[in-house]
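Protein chains: 2
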Amino acid sequence: MRIFETKTAPNARRVRMFLAEKRLLPDVEFVQVDIQSGENLTDAYKQKNVTTKIPVLELDDGTYIGESMAICRYFEALHPEPCLFGQTPKQQATIEMWQRRAEFHLLLPVGMCFQHTTGYFKDRMKPVAEYGEDCGRQALAFMESLNGHLASSAYLAGDQFSVADITALCAVDFARVVKLRPAPEWQHLQRWYQAVSARPSASC
Amino acid sequence: MRIFETKTAPNARRVRMFLAEKRLLPDVEFVQVDIQSGENLTDAYKQKNVTTKIPVLELDDGTYIGESMAICRYFEALHPEPCLFGQTPKQQATIEMWQRRAEFHLLLPVGMCFQHTTGYFKDRMKPVAEYGEDCGRQALAFMESLNGHLASSAYLAGDQFSVADITALCAVDFARVVKLRPAPEWQHLQRWYQAVSARPSASC
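Protein chains in written order, with this note's numbering: chain P, 1265 to 1468; chain Y, 1265 to 1468.
Same shape as in the complex, but just chain P (with noise of 0.2 Å):
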């Protein structure tokens, strides 16, 4: 079993942190791919992930398995303990729907911004500067509103610690690269994001 990922990328770091957490790292290979230099745009790349985009799990049986968090499926549906996609049906859709939020209210923008505004990709996409500058400022009040959240929930979908964490510590991270940080007064994201840090799954 071995996933194809670049290890800078958030949404790699999605997938090691997921693994860390339920134990599994050991037993999976990771092979670096160099998607600066377009390797994963090769007729060879796209065979794995016709999307191009990393990570991408190959099974022991040849398939591929594209998209961070239909991998992370995978392993949650193979590997139950501990939980981290919810158990009961509430719990599964509350997950899902904070997971949902960070990745499209923060981890996208954030992607967005750093694609539209530093060029990283412009030999294979337009990036429109305008566009990126507001994605920046979506995903700035996202985190602040996350803040509000934070201050009545230890972990953005509850009690518990699930993958919409994992998620959003990615996007917090991440967005360092364009300068865009939680600021100092937002103290409940604070807390949560200096709990969620220290998690050894977090250095992984």
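Fair warning: there could be bad hints in the mix.
No copy is singled out in the list; a pair is fine if it fits within one copy or between any two copies.
When the alpha-carbon atoms are kept at most 25 Å apart in a straight line, the in silico SDA-like pairs for lysine to any residue are as follows [claimed, not checked]:
| id | residue 1 | residue 2 |
| --- | --- | --- |
| 1 | Lys-1310 | Leu-1404 |
| 2 | Lys-1312 | Ala-1459 |
| 3 | Lys-1354 | Glu-1293 |
| 4 | Lys-1317 | Gly-1400 |
| 5 | Lys-1312 | Phe-1425 |
| 6 | Lys-1317 | Ala-1405 |
| 7 | Lys-1390 | Phe-1368 |
| 8 | Lys-1390 | Pro-1446 |
| 9 | Lys-1286 | Val-1460 |
| 10 | Lys-1312 | Tyr-1419 |
| 11 | Lys-1312 | Ala-1462 |
| 12 | Lys-1386 | Tyr-1419 |
| 13 | Lys-1312 | Thr-1352 |
| 14 | Lys-1310 | Ile-1267 |
| 15 | Lys-1310 | Leu-1372 |
| 16 | Lys-1390 | Tyr-1419 |
| 17 | Lys-1310 | Tyr-1328 |
| 18 | Lys-1443 | Ala-1308 |
| 19 | Lys-1317 | Asp-1398 |
| 20 | Lys-1312 | Leu-1404 |
| 21 | Lys-1310 | Gln-1451 |
| 22 | Lys-1354 | Leu-1289 |
| 23 | Lys-1271 | Ser-1467 |
| 24 | Lys-1317 | Glu-1303 |
| 25 | Lys-1354 | Thr-1270 |
| 26 | Lys-1286 | Pro-1353 |
| 27 | Lys-1310 | Asp-1423 |
| 28 | Lys-1286 | Gln-1355 |
| 29 | Lys-1310 | Pro-1353 |
Rather than coming from a laboratory, the hints here were simulated on the basis of the structure. Just so we're clear, the structure is a prediction, and the values are computed from it rather than from any experiment.
Since the structure of chain P is provided, determine the placement of chain Y on it from the hints.
Then chain Y, alone, in the frame of chain P:
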């Protein structure tokens, strides 16, 4: 149990189609929200869904579940048959992969093309036409790539209809609003489109 939605919106249709496949539509009351006039931007609505998006599910205990896919997963967990998110770990991961591909590479760019080229929500966001037009091109490119995939697959995630097909159908239909249509010569995509559109759930 109630769902707050806007009947014409693609995410609302995803949830209704999912419920129709599960034969659960009669169990849910639907309340219309006028997003064009900004009813979703009021404090009363933000109490239901902090992101201001539709649809949102209200449970009988007062819990609100936002995010279409979180709502669908809630019903999948409560009513596993017919199974729309997969059974084995590999099926679950494959369906999640294709659901997300349809979402990030088709539904999202179609939505961005709509928002950034029509100015429909220009009272509450900053449309960047150049970005919107690029999103339209991305959506068409993904449809063409999907045509290739469907040459050897009955549905997006294999032999069985799944939630991934619901997302893709709602995206392809919504794309008409910005005049993006699958080319007639994309015969595999056309075959799939006819088959999925003919399901009773597609007309709900």
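Now for the hints, and whether the structure bears them out:
For the homomeric pair Lys-1310 and Leu-1404, the shortest alpha-carbon distance between copies (18 Å) is at most 25 Å, but the shortest distance inside one copy (34 Å) is not. Taking CA atoms no more than 25 Å apart as the test, Lys-1312 paired with Ala-1459 passes in neither setting, with 36 Å inside one copy and 28 Å between copies. For a Cα distance limit of 25 Å, the shortest separation of Lys-1354 from Glu-1293 across copies, 19 Å, qualifies, whereas the shortest one inside one copy, 34 Å, does not. In the homo-oligomer, the alpha carbons of Lys-1317 and Gly-1400 lie at most 25 Å apart both inside one protomer (22 Å) and across protomers (20 Å), since each shortest distance falls under that limit.
Taking the shortest alpha-carbon separations for Lys-1312 and Phe-1425, only the inter-copy value of 23 Å comes in at or below 25 Å, while the best intra-copy value is 32 Å. In this assembly of identical chains, the alpha carbons of Lys-1317 and Ala-1405 lie at most 25 Å apart only when taken from different copies (15 Å versus 27 Å within one copy). When the C-alpha separation of Lys-1390 and Phe-1368 is checked against a cutoff of 25 Å, the pair qualifies both within a copy, at 21 Å, and between copies, at 17 Å. For the homomeric pair Lys-1390 and Pro-1446, the shortest alpha-carbon distance between copies (23 Å) is at most 25 Å, but the shortest distance inside one copy (28 Å) is not.
Taking identical chains as interchangeable, the C-alpha atoms of Lys-1286 and Val-1460 lie at most 25 Å apart only when both belong to the same chain, with a minimum of 15 Å there against 38 Å between chains. Proximity of Lys-1312 and Tyr-1419 under a CA criterion of 25 Å is satisfied inter-copy only: 19 Å between copies versus 35 Å inside one chain copy. Taking the closest pair of Cα atoms, Lys-1312 and Ala-1462 never come within 25 Å of each other, the shortest separation being 34 Å inside a single copy and 32 Å across copies. Within a single copy, Lys-1386 and Tyr-1419 get their C-alpha atoms no closer than 37 Å, and across copies no closer than 34 Å, so neither meets the 25 Å cut-off.
Taking identical chains as interchangeable, the C-alpha atoms of Lys-1312 and Thr-1352 lie at most 25 Å apart only when they sit on different chains, with a minimum of 21 Å there against 34 Å within one chain. For a Cα distance limit of 25 Å, the shortest separation of Lys-1310 from Ile-1267 inside one copy, 15 Å, qualifies, whereas the shortest one across copies, 40 Å, does not. Proximity of Lys-1310 to Leu-1372 under the C-alpha cut-off of 25 Å is found in both arrangements, the shortest distances being 22 Å within a copy and 21 Å between copies. For a Cα distance limit of 25 Å, the shortest separation of Lys-1390 from Tyr-1419 qualifies neither inside one copy, at 37 Å, nor across copies, at 32 Å.
For a Cα distance limit of 25 Å, the shortest separation of Lys-1310 from Tyr-1328 inside one copy, 11 Å, qualifies, whereas the shortest one across copies, 40 Å, does not. Taking the shortest Cα distances, Lys-1443 and Ala-1308 never come within 25 Å of each other, neither inside one copy (35 Å) nor across copies (34 Å). In this assembly of identical chains, the alpha carbons of Lys-1317 and Asp-1398 lie at most 25 Å apart whether taken from the same copy (24 Å) or from different copies (19 Å). For a Cα distance limit of 25 Å, the shortest separation of Lys-1312 from Leu-1404 across copies, 21 Å, qualifies, whereas the shortest one inside one copy, 34 Å, does not.
Taking the shortest Cα distances, Lys-1310 and Gln-1451 sit within 25 Å of each other only across copies (22 Å), while inside one copy they are farther apart (44 Å). In this homomeric assembly, Lys-1354 and Leu-1289 come within 25 Å of each other (Cα to Cα) only across copies, at 19 Å, whereas the closest approach inside a single copy is 29 Å. In this assembly of identical chains, the alpha carbons of Lys-1271 and Ser-1467 lie at most 25 Å apart only when taken from the same copy (12 Å versus 45 Å across copies). For the homomeric pair Lys-1317 and Glu-1303, the shortest alpha-carbon distance inside one copy (11 Å) is at most 25 Å, but the shortest distance between copies (37 Å) is not.
Taking the shortest alpha-carbon separations for Lys-1354 and Thr-1270, only the inter-copy value of 23 Å comes in at or below 25 Å, while the best intra-copy value is 34 Å. In this assembly of identical chains, Lys-1286 and Pro-1353 lie within 25 Å of each other by CA distance both inside one copy and across copies; the values are 21 Å within and 16 Å between. For a Cα distance limit of 25 Å, the shortest separation of Lys-1310 from Asp-1423 across copies, 22 Å, qualifies, whereas the shortest one inside one copy, 40 Å, does not. Within a single copy, Lys-1286 and Gln-1355 get their C-alpha atoms as close as 19 Å, and across copies as close as 20 Å, so both meet the 25 Å cut-off.
In this assembly of identical chains, the alpha carbons of Lys-1310 and Pro-1353 lie at most 25 Å apart only when taken from different copies (23 Å versus 36 Å within one copy).
Checked against the numbered hints listed earlier, the structure breaks hints 2, 11, 12, 16 and 18; every other hint is satisfied.
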